[in-house]
Each structure stands twice: as C-alpha cells, then as structure tokens.
Amino acid sequence: MPEPAERPVIGLSSATANQPNSSDEFHFWLAPEVIVNPFDIVEAEQVAPEGGKSRTFGIVTTLEHSTDAPSHLSNFISNDFGQVSTEPNTVRQGTTVARVAVLSNDRDIYMPVMNDRPVRFADEAGIHAALGIDQVPERYQVPAGLIRMSNGTQAVVYLDSRYILGPEGAHVNISGISGLATKTSYAIFLIQSILQKVENRDRIGVIILNVKHGDLLSIDQPPPRGLEPEQHELWEKLGLTPKPFQNVRYLLPHGKDTPTTGRPNSFRIPERNLFIYAYSLQDTYNKLDLLLSNIPDPWDTVGALIGEITQGLSDPKTGQWGPSGKWKGVHDWQSLLNQRRAFG
Amino acid sequence: MTPLRNLREVLGNLAKEVEVLSAVGGAVEDLERPDFEEREDQALNEEERVFDTIFEKSQDGTRPALYRPTLPLPRHKRHLFRYFLDGSFRSFFLGTLLEHERESPIHFAQIGACVLHRKDDGSVRREDLKIRNLLLAGKKRLSPELWNKLENAARMAGLTLVDLEERDIVSGVLSDFDLRNKAAGKVRFEMHNLEAELIRQILPKLQLSQWLVVDGSLQFQPTFKDLEQSGVIKPVLGVAKNFRKDPLFVFGRGPGAERRSIYKLLADLKPYHRTAAFSARQGKLVFWYVRLREQTQVDYPLMGVVKAELVNPSQEAVPSELIDLLSCALVAERSVTPHGQDRRWHAHLYPIFLAERAIKESLVSREVVQQFLKWR
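Protein sequence lines correspond, in order, to chains A and B. Under this note's numbering, think of the first position of the first sequence as 235, with each following residue one higher. Under this note's numbering, think of the first position of the second sequence as 3, with each following residue one higher.
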C-alpha cells in the first residue's frame with residue numbers, strides 16, 4: 235500500500251470562526267474535480283508528540299457546497315436578473331465542504347484537526363484502523379460486508395464473533411428503512427457468513443422466526459435465475475461462497491383447515507423439509523398464562539381460571555401431565571372446551 | 003506576523019527616543035473615502051475638462067456615431083480578457099510622535115496588488131500577488147537625525163518608510179491642513195506604484211488575444227509611460243467603476259455645437275451600448291463609457307456604467323472595431339456580480355472583485371494589528 239504521503243490529497247482541513255473543528259468533527263474543502271460521497275472514510279494529518287505525525291480517521295457525514303453569494307437573490311441577479319441561458323464569464327467562487335465525524339486516531343490523539351491539514355481517502359488498512367477491525371484477532375473475524383468508497387477503494391469489514399455469538403455479547407442490531415428488502419437480506423447474509431467462518435460452526439443452530447410472508451421459506455434453494463456475476467464477485471471478495479443454507483427444517487403452523495386439507499396455515503409451502511407444528515394441550519397446559527398473556531386481566535380472573543385448569547390437568551404427585559378428578563376426561567383442546575361447558 | 007513583530011520593535015525603540023501620543027486602542031484604521039476614484043480621475047485630468055474630439059475611425063470610413071451597440075461577447079465565443087489586476091490596502095494611524103516642538107503622525111499600512119488569470123473554463127487562479135508593508139510619517143516635521151534613525155530601523159525591519167509630505171497626484175487631492183488626513187491618499191499612491199510594478203511584470207505575457215483588465219485609470223505613472231512605449235496599443239484596458247462627473251462633451255463646431263454634460267451623455271446611453279471614444283492627453287489616451295446593465299435594474303441612471311481607457315501611443319484615431327470588441331467583451335463581464343458584497347456591484351467586474359478579495363485575505367486583520375501594536 236502506498237505511504238500516506240504518496241496517496242493523493244483530496245482537500246485540506248478547514249476550521250472557521252463559525253465552524254471550528256472539534257475532537258468529534260472536522261471539515262475539509264474538496265479540491266476541484268474530486269468526488270466524495272457520504273460514508274467515505276478519510277484520514278487527516280494530525281499532530282503527535284515530539285513533532286511527529288498521526289492520522290485522524292473519520293467518516294464523511296455531509297457535503298455542502300457554498301459560494302460567495304450572500305443570498306439567492308445575488309445569484310438570480312448575477313444571471314442577468316433571471317436569465318436561464320446566461321453563461322457567466324467567470325465562474326462564481328464556490329467550494330464543496332465535507333463534514334467528517336471522527337472515528338479514531340492511530341496514536342490515540344483526539345485533538346481537533348488543525349486548519350489546512352492534508353486530507354486523503356483512507357486505504358484498506360486505514361479503514362480497518364478507523365473501525366477498530368485491526369484489533370480483532372483473525373480467528374474471531376466474521377466478514378460482515380464490503381465498504382466501497384468513491385475512489386474505488388474496497389475493504390472487507392469484519393465483526394468480532396465474540397460479540398455476536400458470545401461470550402462478550404450476543405447481539406446484532408440491524409436498522410434501516412422498512413420495505414427496501416435490506417435488513418432481512420443482510421441478516422440472512424450475516425448468518426451465512428457466520429456459518430461459513432466461525433470456529434465450531436457445526437455447533438451452531440439457527441432459529442428464524444418468519445414474519446416475512448413466504449420470503450424465508452426457500453432459503454435452502456438456489457435463486458431461480460442464478461446469481462449475477464457482480465454478486466458472485468462480491469461474495470468472493472468477502473472470502474465466502476454464495477450457497478443456499480443446508481440442513482434446513484421449515485416448521486409451519488397447523489391451521490383450522492389443516493385436518494381437512496393437510497396443508498399448514500401458510501401462504502407458501504416449501505417443497506421439502508416441511509413439518510407442521512401445533513401446540514397440543516399436553517404441550518401447553520402449564521403455559522396457558524403465556525398463551526393468554528395478551529388478554530387484559532385487572533382482577534386476575536383469567537389468572538384464577540388458568541390456575542384451576544393447570545392444577546386439574548397436573549398429576550398431584552409429580553406435577554407432570556396427568557388429568558385427574560373431574561378433569562380426567564380432558565385430553566385435548568376440544569375436551570377442555572367441553573369441560574368448560576360442563577362446568578357452565 | 004513577522005512584519006508586525008518587526009514594526010513593534012521599531013516602535014518600541016522609537017518610543018525610547020521621543021514622546022508618543024498613541025492612538026486610541028493602539029491603532030485606528032484609516033477609512034477610505036468612497037469617492038476617491040472620482041477625485042483621482044479629476045486630479046489626473048485636471049487641465050482637461052472639455053472633450054470635443056471623437057478619436058476613433060471605422061474601417062468603412064463612416065463617421066462614428068455617438069452611441070454604438072455592443073452586444074455581449076461571451077467567453078465561449080471569444081475569451082479576450084484573461085488577466086485582471088486590482089490593488090487594495092489597509093492603513094492604520096498609530097499615534098503622534100512628539101520631538102520637542104516637532105510633531106508628526108505615524109501610520110502603518112499594508113498595500114497589495116494582485117493579478118488573477120482566468121482559465122478557459124472560467125475559473126480563476128492567482129497569477130501574482132505582492133504585499134508591501136509601509137511606515138508613514140512627515141519627514142520635514144521631524145529632525146533629520148530622527149528621520150534617519152527611522153529610515154534605518156524600517157529598512158532593517160523590512161518596511162518601507164514613506165514621507166507623508168511628499169507631493170503626489172493622489173494625496174494632493176486632500177487638504178494639507180492635517181497631515182494625518184493625507185495618509186490614505188499617500189497609501190493609495192504607493193498602492194498604484196505597486197500595481198504599476200505588477201503591470202510591468204505581466205506585460206510580456208499579454209497578446210492581442212489575451213488582454214489585461216486593470217481596475218481604475220491607466221493614467222498613473224509609471225503605468226502610462228510603460229504603455230506608451232513601443233508605439234503600439236498594448237493589450238491593457240483600464241476599467242473604472244467610478245469617474246469624474248464634471249467633464250463636458252462638445253459635438254460639432256461653432257454656435258451650432260452641441261454641449262452635453264456627462265449626465266446627459268450617459269442618460270441617453272442604452273444598455274449594451276457604448277459611447278464614442280474621446281481623446282485625452284493629445285490623443286495618447288482614448289476613453290469611452292459602456293453601459294453594462296438595463297437602467298431598470300439599478301437605482302440611478304449613472305449606475306451600471308463603466309469608463310474604459312486605452313493608452314494610444316500612436317496618437318492616431320483608434321479603430322472602432324477594436325473599441326467595439328473590447329466593449330462587447332466588457333458587457334459580457336456583467337455576470338457574475340458581487341451583488342450583496344459590494345455596493346458598487348453594478349459596475350464591478352467579478353474577477354476584479356476576486357482580485358481585491360485575494361489581497362484583503364492576505365493582509366493582516368485589523369484586530370490583529372490593533373492588538374499587536376499597542377504602545378507599551
């Protein structure tokens with residue numbers, strides 16, 4: 235990788251009386267012809283002890299273009315009082331300024347970036363340093379995606395499996411705009427990445443609760459039209475193989491028509507590995523409070539009923555399933571309902 | 003900062019020799035008079051107030067009309083004006099030196115001149131910028147010994163010592179009553195000298211297809227003399243946004259001659275038109291007026307009009323086609339404007355405005371000067 239001094243400078247940092255640079259944020263103006271986008275990661279030259287240099291990394295949050303026109307009226311007047319076909323002889327002075335949120339510094343220095351310091355696109359190593367990825371041991375690295383910047387630099391981003399699967403943590407939060415088929419797709423991709431890369435992956439089981447219509451009922455199938463070459467390339471850059479999930483079991487719920495149709499209560503039915511599940515009374519007699527948890531019960535009336543039923547269906551000696559006494563004839567939901575009628 | 007540091011040292015040593023009545027707050031900025039360009043124009047042409055010679059000739063030999071249309075010639079059709087020059091300054095009154103019965107004000111000034119080059123795509127870059135630091139005082143108001151000490155100290159500090167009492171065409175318009183009054187004029191004069199240096203430097207780069215536009219008059223010396231040499235018109239155009247209002251224009255001869263004041267002359271000048279070119283200095287200079295904007299777009303009929311000057315070494319009538327070409331290119335410069343940033347926006351060419359800004363950005367701010375130069 236070229237040294238920082240060999241990589242092109244894309245602009246200089248800028249601090250003004252009204253917009254100073256701070257430890258959280260800095261600004262830089264873009265040199266002409268340079269293209270930068272939000273979420274690009276850049277590095278700015280920063281001070282270091284004993285006259286040395288360090289690098290402050292940041293992510294571009296906003297880009298603003300400003301000119302020396304004090305108002306829009308000035309621009310209107312400058313174009314011959316509203317002529318849309320005027321071509322000014324001199325281009326109005328303007329510059330695009332990027333606002334950058336500081337991510338890190340390679341020598342842990344969080345002084346504000348000074349004025350007129352060179353700013354460059356971060357290279358792959360710089361991106362890893364900026365995001366703290368260089369601190370994640372390779373054995374724990376899970377490819378989580380690819381950053382592609384405006385200058386073409388690409389860098390694989392890794393998550394630390396100790397924070398996804400434990401023991402340090404066990405949570406990933408994925409946020410985004412609803413309806414764009416990104417959050418769920420990303421979650422599925424991340425699961426695939428985990429199953430291909432983490433240690434002891436044969437000991438990992440994945441449980442997906444499907445709320446997405448039929449989208450997730452074919453994750454063991456390849457895409458009907460195959461994967462586009464660009465998509466293949468992306469997977470390969472991540473060191474992953476694009477393939478369907480293996481050892482998938484689809485558990486679809488039993489519906490009211492299932493006894494007659496044999497079909498589960500599902501809009502789409504997978505071709506294989508399909509199981510229909512239901513909650514029998516025997517499975518749930520001691521979890522009725524969970525089944526009916528959405529019912530408001532200010533006087534604990536339902537709670538009392540549940541207690542009565544649970545007690546009636548439990549073996550008084552063992553506490554396991556064992557209807558006794560007047561509950562002896564209750565063995566399924568229907569007979570429970572009949573029992574209710576019997577009690578009036 | 004180095005000039006200020008050096009200056010502070012000079013002033014510190016001076017304060018040991020003489021008594022000083024310091025200015026309020028250490029330094030007070032000398033404000034520029036808004037009509038100075040107009041007064042300069044008057045002073046430069048003091049002896050000539052009546053202009054009765056139209057000094058241009060058409061190729062077809064027809065008599066030039068008083069007003070001629072000059073539709074804008076934009077850059078993409080012909081990029082004629084490539085270099086733009088302006089000067090600017092900041093001047094501060096530091097205090098009054100008291101040497102026994104003698105006294106003299108002392109001023110500090112920074113003068114600058116800048117040339118911008120406009121590229122094919124309309125963007126500009128700095129071609130050259132000169133900044134000079136001046137110390138001004140009245141030579142005859144102080145003893146020769148003190149003046150010599152001041153001169154030496156200024157030289158060591160990289161400053162130029164200027165005599166406030168030395169007569170020149172610019173400060174001469176101001177009253178002699180108060181020497182302090184003359185400072186701004188003196189600084190302007192030095193600024194014009196600096197502009198002349200820059201013009202001399204840029205001349206070799208110019209061609210008839212690449213002109214230099216200078217803000218203000220070309221009649222200041224040594225500029226006028228430099229442009230007079232070689233006997234041909236040099237590609238340098240002076241454009242003034244403010245000019246004298248007292249000339250009289252006479253058309254025809256004898257009792258039937260028509261007399262027009264400048265107000266009458268310009269009131270009848272339509273937008274994107276120019277007046278005929280008049281002769282001054284026995285034909286060594288031709289000047290004319292161009293209206294850049296519709297009169298409805300500005301408040302006052304004289305707004306939106308610029309005075310253009312061309313040094314004419316041959317002292318022969320200038321081709322009308324050349325005046326037309328220059329005027330058409332000038333009209334095209336009406337966009338972009340510095341509207342909202344300069345009250346003279348209607349007649350201010352944007353690249354000239356940028357040159358002035360480039361200078362101002364390079365000068366030390368008034369806050370820094372005022373804090374740095376407190377007499378201690």
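In short, the hints are calculated from the structure, not lab data. Certain hints may be false.
[Unchecked claim] Using 35 Å as the maximum straight-line C-alpha spacing, the simulated DSBU-like pairs for lysine-lysine come out as follows:
| hint | chain 1 | residue 1 | chain 2 | residue 2 |
| --- | --- | --- | --- | --- |
| 1 | B | K227 | B | K18 |
| 2 | A | K521 | A | K562 |
| 3 | B | K132 | A | K287 |
| 4 | B | K132 | B | K236 |
| 5 | A | K287 | B | K362 |
| 6 | B | K236 | B | K59 |
[Stated by the list, open to error] Label-pair restraints from in silico Cβ distances:
| hint | chain 1 | residue 1 | chain 2 | residue 2 | range |
| --- | --- | --- | --- | --- | --- |
| 7 | B | H102 | A | A265 | 35 to 41 Å |
| 8 | B | D123 | A | D368 | 41 to 47 Å |
| 9 | B | Y69 | A | H306 | 52 to 58 Å |
| 10 | B | E11 | A | P304 | 36 to 42 Å |
Each residue gets a CB set at the ideal place from its N, CA and C atoms; glycine is no exception.
So, going through the hints one by one against the coordinates:
With a C-alpha separation of about 44 Å, the suggested pair B/K227 and B/K18 falls outside the 35 Å cut-off, and the hint is violated. For the hint pairing A/K521 with A/K562, the CA-to-CA distance comes to about 19 Å; that is within 35 Å, so the pair holds. Proximity of B/K132 to A/K287 is assessed by CA-CA distance (about 33 Å); at most 35 Å being required, the pair is judged to hold. A C-alpha spacing of about 23 Å is found between B/K132 and B/K236, which places the hinted pair at or below 35 Å, so the restraint holds.
Simply put, A/K287 and B/K362 have alpha-carbon atoms about 32 Å apart, close enough for the 35 Å limit, and the pair holds. Distance check on the hinted pair: B/K236 and B/K59 sit about 18 Å apart at the alpha-carbon level, within 35 Å; holds. For B/H102 and A/A265, the hinted distance range of 35 to 41 Å is not satisfied, since their beta carbons lie about 60 Å from each other. About 42 Å separates the C-beta atoms of B/D123 and A/D368, a value consistent with the hinted range of 41 to 47 Å.
For the hinted restraint 52 to 58 Å between B/Y69 and A/H306, the CB-CB distance of approximately 35 Å leaves it violated. A C-beta distance of roughly 40 Å is found between B/E11 and A/P304, which places it inside the suggested range of 36 to 42 Å.
Violated hints for the displayed structure, listed by number in ascending order: 1, 7 and 9.
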